[in-house]
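For the record, the sequence lines run as chains F and L.
The numbering used here puts the first residue of the first sequence at 1, with every later residue one more than the last.
The numbering used here puts the first residue of the second sequence at 1, with every later residue one more than the last.
Fair warning: there could be bad hints in the mix.
What follows is a list of derived Cβ distance ranges for each label pair [unchecked claim]:
#: 1; chain 1: L; residue 1: E304; chain 2: F; residue 2: E283; range: 29 to 39 Å
#: 2; chain 1: F; residue 1: P314; chain 2: L; residue 2: D353; range: 30 to 40 Å
#: 3; chain 1: L; residue 1: D353; chain 2: F; residue 2: E283; range: 27 to 37 Å
#: 4; chain 1: F; residue 1: Q288; chain 2: L; residue 2: G399; range: 53 to 63 Å
#: 5; chain 1: F; residue 1: Y99; chain 2: L; residue 2: P183; range: 40 to 50 Å
#: 6; chain 1: L; residue 1: G399; chain 2: F; residue 2: L126; range: 41 to 51 Å
#: 7; chain 1: L; residue 1: E250; chain 2: F; residue 2: Y99; range: 20 to 30 Å
#: 8; chain 1: L; residue 1: T393; chain 2: F; residue 2: V123; range: 43 to 53 Å
Residues from chain L that face chain F, not an exhaustive set, calculated with beta carbons under 10 Å [claimed, not checked]:
#: 9; residue: T82
#: 10; residue: A136
#: 11; residue: S137
#: 12; residue: D154
#: 13; residue: W156
#: 14; residue: Q218
#: 15; residue: P281
#: 16; residue: K309
These aren't lab readings, by the way, just hints derived from the structure by calculation.
None of these values were measured; they are calculated from a predicted model.
Just so it is clear, CB atoms sit at the ideal spot from N, CA and C, and this is done for glycine as well.
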Amino acid sequence: MQERNGWGYRATLAAVFVGLIVLPHVLSFSQKEVLVFLVINVLVVVSYRLLTLTGEWSLAHMVIVGVGAYASTLLAKRLGIPVPLAMPLGAVVAALTAYVLSFPLFRMKAFYFLIGSFAAGEVIRLCWKRFREPFGGPKGIKLVPSFPDIEIGFVDVSFFDPVNYYYFCLIVVTVSLVLLHRFEHSRIGLTFHAIHWQDKLAEAVGGDTRRYRTLAFVIASFFGGLAGALLAHYLGTVNPNQFDVEAMVYVLVWVIVGGTATIYGPVVGVVTLTVVNEIVLRELGMDQARPLLYGAILIASILFLPDGLESLGPKLKGAFARTRTQV
Amino acid sequence: MLAVPVHRILNREPKDACPDGVRDDGNQGEKPMSQNLHQRKIGRRTFLGATVAGAAMAGGLAPARLSAANKTVKIGFLAPLTGPVSAWGLPGLYGCRIWAEQVNAAGGVRIGDDSYNVEFVSYDNEYATDKAKVGASQLVFDEGVKFIMMLGGDTWPGVQRISNESGMLVSTLLPSDLSPDTPNLIAPCEVHPIYNVTGVSWLADNMPELKTAVICAQDDALGRPSVATYLAAFEAHGIQSEDPVFFSLETTDFAPVMTKLLSSNPDILCLDTAYADFVHPLCEQAHQQGFKGKIISCTADYYEQIIEKTSKEFMEGFIFQFPDFDDPALNEPQINFAAPNEFYAEYIERWPDQWSAVSWEYASIMDLWVQGAQRAGSVEPQDVLAGMKQGGTGKHAFGEASWWGKELFGIDNALVGNWPVVVIENGKAVIKEYRSIPDWWSMHGNLLVKHFTEMGEMYHQRG
Numbered sequence: 001m002q003e004r005n006g007w008g009y010r011a012t013l014a015a016v017f018v019g020l021i022v023l024p025h026v027l028s029f030s031q032k033e034v035l036v037f038l039v040i041n042v043l044v045v046v047s048y049r050l051l052t053l054t055g056e057w058s059l060a061h062m063v064i065v066g067v068g069a070y071a072s073t074l075l076a077k078r079l080g081i082p083v084p085l086a087m088p089l090g091a092v093v094a095a096l097t098a099y100v101l102s103f104p105l106f107r108m109k110a111f112y113f114l115i116g117s118f119a120a121g122e123v124i125r126l127c128w129k130r131f132r133e134p135f136g137g138p139k140g141i142k143l144v145p146s147f148p149d150i151e152i153g154f155v156d157v158s159f160f161d162p163v164n165y166y167y168f169c170l171i172v173v174t175v176s177l178v179l180l181h182r183f184e185h186s187r188i189g190l191t192f193h194a195i196h197w198q199d200k201l202a203e204a205v206g207g208d209t210r211r212y213r214t215l216a217f218v219i220a221s222f223f224g225g226l227a228g229a230l231l232a233h234y235l236g237t238v239n240p241n242q243f244d245v246e247a248m249v250y251v252l253v254w255v256i257v258g259g260t261a262t263i264y265g266p267v268v269g270v271v272t273l274t275v276v277n278e279i280v281l282r283e284l285g286m287d288q289a290r291p292l293l294y295g296a297i298l299i300a301s302i303l304f305l306p307d308g309l310e311s312l313g314p315k316l317k318g319a320f321a322r323t324r325t326q327v
Numbered sequence: 001m002l003a004v005p006v007h008r009i010l011n012r013e014p015k016d017a018c019p020d021g022v023r024d025d026g027n028q029g030e031k032p033m034s035q036n037l038h039q040r041k042i043g044r045r046t047f048l049g050a051t052v053a054g055a056a057m058a059g060g061l062a063p064a065r066l067s068a069a070n071k072t073v074k075i076g077f078l079a080p081l082t083g084p085v086s087a088w089g090l091p092g093l094y095g096c097r098i099w100a101e102q103v104n105a106a107g108g109v110r111i112g113d114d115s116y117n118v119e120f121v122s123y124d125n126e127y128a129t130d131k132a133k134v135g136a137s138q139l140v141f142d143e144g145v146k147f148i149m150m151l152g153g154d155t156w157p158g159v160q161r162i163s164n165e166s167g168m169l170v171s172t173l174l175p176s177d178l179s180p181d182t183p184n185l186i187a188p189c190e191v192h193p194i195y196n197v198t199g200v201s202w203l204a205d206n207m208p209e210l211k212t213a214v215i216c217a218q219d220d221a222l223g224r225p226s227v228a229t230y231l232a233a234f235e236a237h238g239i240q241s242e243d244p245v246f247f248s249l250e251t252t253d254f255a256p257v258m259t260k261l262l263s264s265n266p267d268i269l270c271l272d273t274a275y276a277d278f279v280h281p282l283c284e285q286a287h288q289q290g291f292k293g294k295i296i297s298c299t300a301d302y303y304e305q306i307i308e309k310t311s312k313e314f315m316e317g318f319i320f321q322f323p324d325f326d327d328p329a330l331n332e333p334q335i336n337f338a339a340p341n342e343f344y345a346e347y348i349e350r351w352p353d354q355w356s357a358v359s360w361e362y363a364s365i366m367d368l369w370v371q372g373a374q375r376a377g378s379v380e381p382q383d384v385l386a387g388m389k390q391g392g393t394g395k396h397a398f399g400e401a402s403w404w405g406k407e408l409f410g411i412d413n414a415l416v417g418n419w420p421v422v423v424i425e426n427g428k429a430v431i432k433e434y435r436s437i438p439d440w441w442s443m444h445g446n447l448l449v450k451h452f453t454e455m456g457e458m459y460h461q462r463g
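Isolated chain L (complex conformation) (with noise of 0.2 Å):
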């Protein structure tokens, strides 16, 4: 009675109706878009699905004709929409939406001989490791998703095992979940943290007065493999780091940190891959405190609020490496994510205030997964993952990328080309440049594997 092959499993037929999580084809309850488009005026929308509609026909993603016949293909989002880390999860859930809204609205996607159209459904992970196991287990075998979207990090263990038996192909924003274990596992739109090398590129080309830099972080996932590549990035840069602090999550007063990391009267602050919930308040002691250098750090989402409680004055040159998507610079060609400044406007109109580092992110991804279903001319996922990795290159949302990281991660599952450098000039972040990341490693690899060894973060060190 008690034997179930895992074949029987993967087997079941997913549920018809979708009680469980939340599914978003974009269309929230309102008419089918097509039917909308008929009776309106022409308006940001309709511009915008057309814009994407023209874009994705010019980048050979040809879409389907509009036909009721669409099949349609569910898509996992997997992420914390809720608590602490719900910033690097619910603002890509708003971002889907609006990635559902433009292919669906322009017919679908085209993979094989059929059309499809793209349906979301989500589930809260709350960044737990038990309620990602569930969570994943509903999306596979209920609701018979054919990818999953994950922010990664501490909840990828509860979905490995359930990856690997049923061969679902699953998307992290962390590369360090990445493991010979993992061969379901890709990280194809953010190569996190080694992108930062970039930032601290930039700054060494453009300020070589700054020598001295010293680091903090919270510990855990995202903070430790973070702080071995800016260490490396610093090292090989000629810039002077001191030992990194190390904080816990459960740190709610910043201003001994920020007293100790100050004491050394720094040219650089560099926040690492700090959550939003910290990189406010550091930034606030900073400025309390009177820190006169350069801040340096992976993220500053919400960007404008910690100018309010600092001054523009203060965050005038804070480097990070997350555009706003209103950026002219995201219309150059090379640019592969389809009317990035449309998408903007569509997301700060729907979701004031909301805008942070993954809002656009796992759309990107979303655009890589149409580019591999449709080179493998199926949905299923190892055929998918099979046509993404074709010619071991991809279009990356910044540019042609190719995939890499045997080397640090123990498999080429990571997807890494150019990244930008944002610098916030006058209130507002700003492109200042694309870098190569490949470059930067064919230079400095030995580096980054020398601090990853020693902060254990190497893929043989973990677990």
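Excised from the complex, chain F in its bound form (with noise of 0.2 Å):
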């Protein structure tokens, strides 16, 4: 990687941005209707990776992207707060429910980790499926207060424009990526590290790993939870199915596809595989082989990148390398 206060990787950091602003401009609607769903996706797989940093998978965090959602609606739709308010109350109601999860769930860890993960999401999700009131039942919550459009003067922002939702969810999931960022390059980001790799010395030199490993799963689950929401206010409707084992499945293969050493190998794998599914391969026509080439290509890049998408550059790099020697 280059060096991060050098000029070159400021230049990269400054055409990321201004691509990602230009880009909906050079994109059909439905390609931009895309865009904001992995713009949101992004702050799901990055979230997600958090927790993973002290070791734990959990099968719970699309039910916590849910809670974050369903939260959000019911502020919004039910009790009339507004919805600019209810998204960020959303994610701490997805944070609430995370801390209450740890009590139960941080007594396991590893595979009971993942499994008890697994029975807490479904006792939620069924809960929204069992109670009609106030949760819809099986349908969900239709008519889900949109975000407010702004009118003042000449500026008329829609946020039925999918390009100005865009940009509306890039701000957020920027500002979220950078505070996970340096979350993760402080003192307690490092003890993640630490607790993962190795947990019984990090607690021979006193860190509480089981508090550690609950500030990570609640950090996590408030970003998911604010997804979830940013979701919901853009779909108009919340239900079950949305975050049911095959989306949670979706997220661990964007997240294992593309890597996890680094925040942006989530990013890496969760835009490759979308632009794959949702563009490439609907583009050539190929609807209904989209399953079975969509599982092709996670086969190759598991067999040939185990280490993530994330690992090709280095890989690259280190190829060209050899050549250079060589030659």
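Using the hints, put the two standalone chains together into the complex.
What follows is the structure, given as structure tokens:
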């Protein structure tokens, strides 16, 4: 990676941002819609990665995203709280839910935690299906209030337009990513890494591993819940099927294919697979072959890039250096 | 910079090319049908095209003269083409391909002063709300379609705002999507689940000795309103029903579900509107657990496979609502679906074992769309909607029908008339009778409202 304070790094970063700002203007309307969902999914996978830093993989993350979506929806629709306020409150509810879940879940580790998190997530999801009041039952909640349009003088911003909602999401997700990045590189974040690789040693030097795991779970859930709130108020509906195991499998696939060593690994994973699945294969008119080809791409990726797509850059760089040496 | 009023979005020119989605004008990359016709002997398709053209002319749908100058109208097909619900999407697209071939081969449709070839643009929504939203955006804003056909259900909420903002006319197979907030959504073919009352009514009249029933359904947008309908129909006809058994969409083992259902030794086993993936194992379980009574279900997609898994004897008398279109009863004079037997033969020849409940439905909706467009003299969505509802009636596949639904859905956007009762006899689906849904409603409508209310399915109770 380039030196973070170097001009090259800053120039790359600036180019990426300019690209992200220009991008929606070169896409078709439906591709802009895909872009909105993609930006939201970036927050989902990056928040999920924070939890994996402690070595725990949860199967409840999409349900937690759903908690944020449901909470924000109910706060806005039933209590009349303005959507811009309901969104962060929904994220707070998701974080609190994670905190409550952490008591039983962090009595387990590794595979047991994985299974436990699945069970906990299913309990929440089945509650949404079972209790029609207030969750709407299997059909969920429709006509979710959308993010309010802005009309000030000559400025008329409609969030029905995916470009405007994309910019809004981009701001929220960028700020979230910066916070998550800073957090990871703080003293607490480094402790997460220590717990992941040497949890007994971390305990031996006085680290409260359970507390740190809970902290990672709660913070990941806050940002996951925020992603859920962004989704709900754009889509206009929430229902339990949106946050089922299949959706969670997609998150796992994005993270695994992208890699978890760096913050941009999951981002590369979700962007690549979404572009392949939603744009390339559809553009090729391969609607019905998509699941098959998508699966093949996954297998190939795992076989040839076990450390994720994020390892592709260093590998290519190494191969290039070796070639130059031989020459 | 951010200000983009909705009207500017809606005035976007559609793309000329069609890289997104799948275009389908029935030609499938072959030479134009009109050219092929000159080069072939008279085959099944030629015969079918000629038959349909004749039938269309006789029905007042005068085809345009064969002309290279035909305009093209794009119709969106937004349904699950992959995944567990694809049985109610993909077969419908196949049916539309045959429909488009027939219509375009006959010179297109004459609407106002213009002749149009019909081109379908499909988008696989995977029965997911977000995919449905993206698909609707593509069809409306990128492709410039004039009408969208959907399965509906969980996918409709993702499309609702786009339809409301753009004025796009959308059809659903599930009228439980209808509400006063959906002025551009119509249910012009299948008034699911209301037509299920005809099966129960027929059963009660023909097998009055059957007095007890049990119902099971998946707990979702399809299952619940259907349960309310069956409960109302059973009550209306003096059949005592137990509390319904709901199972989750994730269910794979149906043994305990069936054990619970059969514990009361019922005369009738009602499978509600279960997906094909559920109907098959439920029937297998009922067979294995020795059920001897009658089975009634909304659908029996791929019933030949169920017979293979159980037995012809076990499936004898299975009552459901969706005929095979080779049934002679579909040639009765009141039927508006053109050349149904030939349509079925063509379908089965090209996609063997793929006939399902929806194979003909989307094509039938297209017949109604053509009627509406011709009445309006325009292909614009709001004009077609007005044309379809003109006079309050329409030519439904199974006969003349009326626009209805205010009491149940809050809006008269469902086309309701007769519906067939189908029974499996000697391993083959047979139409036993057409029964009138409005007649049943006029006698027992209050029961339907009662059970819809108890199930929380009335339009004002949803969401």
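Hints and how they fare:
Our hint of 29 to 39 Å for L/E304 and F/E283 holds, since their Cβ atoms are close to 37 Å apart. Between F/P314 and L/D353 the Cβ separation comes to about 51 Å, which falls outside the hinted range of 30 to 40 Å. In this structure the supplied range 27 to 37 Å holds for L/D353 paired with F/E283, their Cβ-Cβ distance being about 30 Å. One distance hint, 53 to 63 Å for the beta-carbon pair F/Q288 and L/G399, is violated here, with the actual separation near 35 Å.
At roughly 45 Å, the beta carbons of F/Y99 and L/P183 sit within the given window of 40 to 50 Å. Judged by the Cβ atoms, the range 41 to 51 Å given for L/G399 and F/L126 holds: they are separated by roughly 44 Å. In this structure, L/E250 and F/Y99 meet the distance hint of 20 to 30 Å, their C-beta atoms being roughly 28 Å apart. Judged by the Cβ atoms, the range 43 to 53 Å given for L/T393 and F/V123 holds: they are separated by roughly 51 Å.
Interface hint status for L/T82: upheld, as the beta-carbon distance to the closest one in chain F is roughly 6 Å, under 10 Å. Look at L/A136: its Cβ gets to within about 8 Å of chain F, closer than 10 Å, so that hint holds up. Nearest Cβ of chain F to the Cβ of L/S137: about 4 Å, under the 10 Å cut. The hint holds. The interface hint given for L/D154 is met, as the beta carbon of that residue sits about 6 Å from the closest beta carbon of chain F, less than 10 Å.
Hint status for L/W156: holds, given a least beta-carbon distance of 9 Å to chain F, under 10 Å. At a threshold of 10 Å, the smallest CB-CB gap from L/Q218 to chain F is about 9 Å, leaving the interface hint in force. Interface hint status for L/P281: violated, as the beta-carbon distance to the closest one in chain F is roughly 20 Å, over 10 Å. The interface hint given for L/K309 is violated, since its Cβ lies 25 Å from the closest Cβ of chain F, which is over the 10 Å cut-off.
Violated hints, in rising order: 2, 4, 15, 16; the structure is consistent with all others.
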